[in-house]
Amino acid sequence: MIESILPGAVTAVDTFVDPPGADLFPEEEAVIRKAVDKRRREFTTARWCARQAMRQIGIAPAPVLPGTRGEPQWPFGMVGSITHCAGYRAAVLAEQEKVTTVGIDAEPNEALANGVLEAVSLAEERDRIAVLLRDHPGVAWDRMLFSAKESVYKAWFPLTARWLDFEDANIVIDPLNGTFNATLLVTGPWVHGRRLSGFSGRWLVEQGLVVTAITVLAPVVPKTRPAGRLAAHR
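My numbering puts the sequence shown at residues 1 to 234.
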């Protein structure tokens, strides 16, 4: 499902069930050994998705351990992202030479609990959400905003290794084209020779979920011909 809002350079694997044969590397098992059953199933199936993606790309399955902020640590030369919610798990993976960063998130298509929107949004975002809820019913736009902010953070952290608060990005959702734009309200890192000022993302609503994704593609480096070949064509 999530692959429909990701570019071809990103490999995505998702599932609506917890495969009975999914297992963990010993290092991963050590991380999760004291967790409750719900957390264990989320963690294990997300790693199962990640390893299916590794196999599709053609690299050996490897542990995906959480970093200092809980971020997944990918094999050398790879970037990726993980998400899970009730009844859904997904992992995406890409080669760093093709994709600079990627962030994904999935949430139930249900309104946020009372008080949560105020805690995670700016006043102007809440004004826009009110209009979306009025003009485009059937989508939990407040939850969509929350999901988009989660995707922003997941795309931001690998570039900076810094926290990003909910109020540090101003998000505008396009209800007709399945896209959103996030303007950073803090100083972004230098990416591909310029200061990062925001992200563009895509969203979908399907099977009772709202799903968001951000991908920053790596610049294409032109291939140069060998000097001898150039001389031969003069």
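Calculated directly from the structure, the hints in this document are not laboratory data. Just so you know, not all the hints are guaranteed correct.
[Claimed, not checked] Here are the computed distance ranges between Cβ atoms for each label pair:
hint: 1; residue 1: 122; residue 2: 19; range: 20 to 28 angstroms
hint: 2; residue 1: 55; residue 2: 134; range: 41 to 49 angstroms
hint: 3; residue 1: 160; residue 2: 95; range: 32 to 40 angstroms
hint: 4; residue 1: 37; residue 2: 116; range: 41 to 49 angstroms
hint: 5; residue 1: 55; residue 2: 138; range: 20 to 28 angstroms
hint: 6; residue 1: 161; residue 2: 75; range: 38 to 46 angstroms
hint: 7; residue 1: 18; residue 2: 179; range: 40 to 48 angstroms
hint: 8; residue 1: 19; residue 2: 134; range: 28 to 36 angstroms
hint: 9; residue 1: 136; residue 2: 37; range: 16 to 24 angstroms
hint: 10; residue 1: 19; residue 2: 130; range: 34 to 42 angstroms
hint: 11; residue 1: 66; residue 2: 134; range: 35 to 43 angstroms
hint: 12; residue 1: 19; residue 2: 186; range: 36 to 44 angstroms
hint: 13; residue 1: 33; residue 2: 133; range: 38 to 46 angstroms
hint: 14; residue 1: 161; residue 2: 18; range: 25 to 33 angstroms
Backbone N, C-alpha and C fix where the C-beta goes; we use that ideal spot for every residue, glycine too.
ask   = Among all the numbered hints in the text so far, which are the ones the structure does not match?
value = 1, 3, 4, 5, 6, 7, 8, 9
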